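Peer 1: Okay, here's what each chain looks like letter by letter:
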Amino acid sequence: MISVSMTVNGKAVSAKIDPRTLLVQFLRENLLLTGTHVGCDTSQCGACVVHVDGKAIKSCTTLAATCDGASVVTIEGLAHDGVLHPMQEAFRENHGLQCGFCTPGMIMSAIDIVNRKGHDLDEHTIREELEGNICRCTGYHNIVKSVAAGAHAMAGSK
Amino acid sequence: MYAFAYQRPTTVRQVQSALGKHEDAKILAGGQTLLPTMKQRLASPSAVIDLGHVAGLSGIEKKGRNIVIGAMARHAEVATSEVVREAIPALAALAGGIGDPAVRNRGTIGGSVANNDPSADYPAALLALGATIVTNKRKIAADDFFQGMFTTALEEGEIITKVSFPVPAKAAYVKFPNPASRYAMVGVFVSKKGSDVKVAVTGASNEGVFRAAGLEAALKGKFNPKAVEGVAVDGSNFIADIHGSADYRANLVSVMTKRAVTKALGK
Numbered sequence: 069m070i071s072v073s074m075t076v077n078g079k080a081v082s083a084k085i086d087p088r089t090l091l092v093q094f095l096r097e098n099l100l101l102t103g104t105h106v107g108c109d110t111s112q113c114g115a116c117v118v119h120v121d122g123k124a125i126k127s128c129t130t131l132a133a134t135c136d137g138a139s140v141v142t143i144e145g146l147a148h149d150g151v152l153h154p155m156q157e158a159f160r161e162n163h164g165l166q167c168g169f170c171t172p173g174m175i176m177s178a179i180d181i182v183n184r185k186g187h188d189l190d191e192h193t194i195r196e197e198l199e200g201n202i203c204r205c206t207g208y209h210n211i212v213k214s215v216a217a218g219a220h221a222m223a224g225s226k
Numbered sequence: 534m535y536a537f538a539y540q541r542p543t544t545v546r547q548v549q550s551a552l553g554k555h556e557d558a559k560i561l562a563g564g565q566t567l568l569p570t571m572k573q574r575l576a577s578p579s580a581v582i583d584l585g586h587v588a589g590l591s592g593i594e595k596k597g598r599n600i601v602i603g604a605m606a607r608h609a610e611v612a613t614s615e616v617v618r619e620a621i622p623a624l625a626a627l628a629g630g631i632g633d634p635a636v637r638n639r640g641t642i643g644g645s646v647a648n649n650d651p652s653a654d655y656p657a658a659l660l661a662l663g664a665t666i667v668t669n670k671r672k673i674a675a676d677d678f679f680q681g682m683f684t685t686a687l688e689e690g691e692i693i694t695k696v697s698f699p700v701p702a703k704a705a706y707v708k709f710p711n712p713a714s715r716y717a718m719v720g721v722f723v724s725k726k727g728s729d730v731k732v733a734v735t736g737a738s739n740e741g742v743f744r745a746a747g748l749e750a751a752l753k754g755k756f757n758p759k760a761v762e763g764v765a766v767d768g769s770n771f772i773a774d775i776h777g778s779a780d781y782r783a784n785l786v787s788v789m790t791k792r793a794v795t796k797a798l799g800k
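Chains A and B supply the protein sequences, listed in that same order.
To convert, take the position in the first sequence, counting from 1, and add 68; that gives my numbering.
To convert, take the position in the second sequence, counting from 1, and add 533; that gives my numbering.
Treat the hints as calculated values from the structure; they're not laboratory data.
Nothing here was measured: the structure is a model prediction, and the numbers come from that model.
By construction, the Cβ of each residue, glycine as well, lies at the ideal position given by its N, Cα and C atoms.
Just to be clear, a hint being listed does not mean it is correct.
Rough simulated footprint, nothing fancy, chain A against chain B, three-plus residues with beta-carbon under 8 Å [what the hints assert, rightly or not]:
id : region
1  : 578–590
2  : 636–650
3  : 742–752
4  : 776–788
With beta-carbon atoms standing in for the labels, derived distance ranges [unchecked claim]:
id : chain 1 : residue 1 : chain 2 : residue 2 : range
5  : A       : LYS79     : B       : ALA674    : 46 to 54 Å
6  : B       : GLU740    : A       : LYS185    : 24 to 32 Å
7  : A       : ASP188    : B       : GLN573    : 47 to 55 Å
8  : A       : GLY122    : B       : LYS672    : 31 to 39 Å
Please model the entire structure based on the sequences and the hints provided.
Peer 2: Right, dumping it as structure tokens:
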């Protein structure tokens, strides 16, 4: 067992873990933050995307041990005082989900896209940038709409 | 994933000594290949040595006529680096086309080069740009480094610390991604510097990345997409699978080379 300490959604956490614990297992099983999903478990689908030190990564393909000292944000860390994050609100407004399984990863990736590419995102950019997130329900149309709307809303909420 | 001992050294020397202490130890850089391989139990190292905290492996800088990239530079860093974009835009574009954005935030140039996956993008860039791989022991020319699928010149206890790229006059990389996996079914990197032309092909061969001598000779005569026409590409040792036959891949090599030359010419 090894000890890890990190900040998750603003709270300091530490634990003794088996070195082979994946970040997604640590979040779901140790911290009971089950909003981060395991879809494919082979780094294709993006349901497990979280932010580590401000960057979107696939938590099913990252050891928790390598995140020692890092700051992690999950889908649970976005809403504040019962108010949804603008990107979450945009997905709700635009019906950007059907079953919702891919949504946490979509939203974490979407916020990362805005952080890197700004608030004015065209459809082509959004579709290219969502390459690592797979949805099997909606056909992406409303997801793309949601990301564009969320990106604009994030500019207003600053 | 099978159990392993986890090590977090802070110097290259400590990495080397950790490698000496554990039989079957594996180095963890970005983990985007190693971890999936371990999860599938195709690899079961006794120890995993994390390079994440090792000093001296990061950074991207211009040194004279070379761009020097630290082994732990993430694909996203190379893709967005002003230094790389200005000097070798083809290399920045290649890094920006690996995997997907989340994978690019973790995956590293050192990891990709050391793994030498037959469909990886970076090995083609290193070969076609005549890069030098710098390790804790020596400097290795790209031509000597890649020795066939998943095989490199790296010896026991040898760690890549950086990769140095001479700046070309013209260069471009074009790949034909598999429609499902998005790995290159064929990727071609071309570069021109003075009268020298290099063409490196990834994804196609059972032998891994290679330089296409016939195409290079034709393009040295005239650096023009037309020069590629009529040059035979020997596909006898090419990968043949459900995604495409060897002949199909051989044809893709010609087509991707033409496109890469066109792109390198800025057309």
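Peer 1: Would you mind marking each hint as holding or not holding in the structure?
Peer 2: Here is how each hint holds up against the structure:
Figure legend: the region 578–590 of chain B, annotated as covered by chain A; annotation consistent (3 residues with Cβ-Cβ distances under 8 Å, at least 3 required). With 3 residues having a Cβ less than 8 Å from any Cβ of chain A, the region 636–650 of chain B passes the three-residue criterion, so the hint holds. For the region 742–752 of chain B, the stated coverage by chain A is violated: 0 residues have a C-beta nearer than 8 Å to a C-beta of that chain, whereas at least 3 were required. With 0 residues having a Cβ less than 8 Å from any Cβ of chain A, the region 776–788 of chain B misses the three-residue criterion, and the hint is violated.
For LYS79 (chain A) paired with ALA674 (chain B), a C-beta distance near 50 Å keeps the hint of 46 to 54 Å intact. Range check, GLU740 (chain B) to LYS185 (chain A): Cβ separation about 39 Å, and the 24 to 32 Å hint is violated. Hint check: ASP188 (chain A) to GLN573 (chain B), Cβ distance near 41 Å, so the stated range 47 to 55 Å is violated. The hinted range of 31 to 39 Å is satisfied by GLY122 (chain A) and LYS672 (chain B), whose Cβ atoms lie roughly 35 Å apart.
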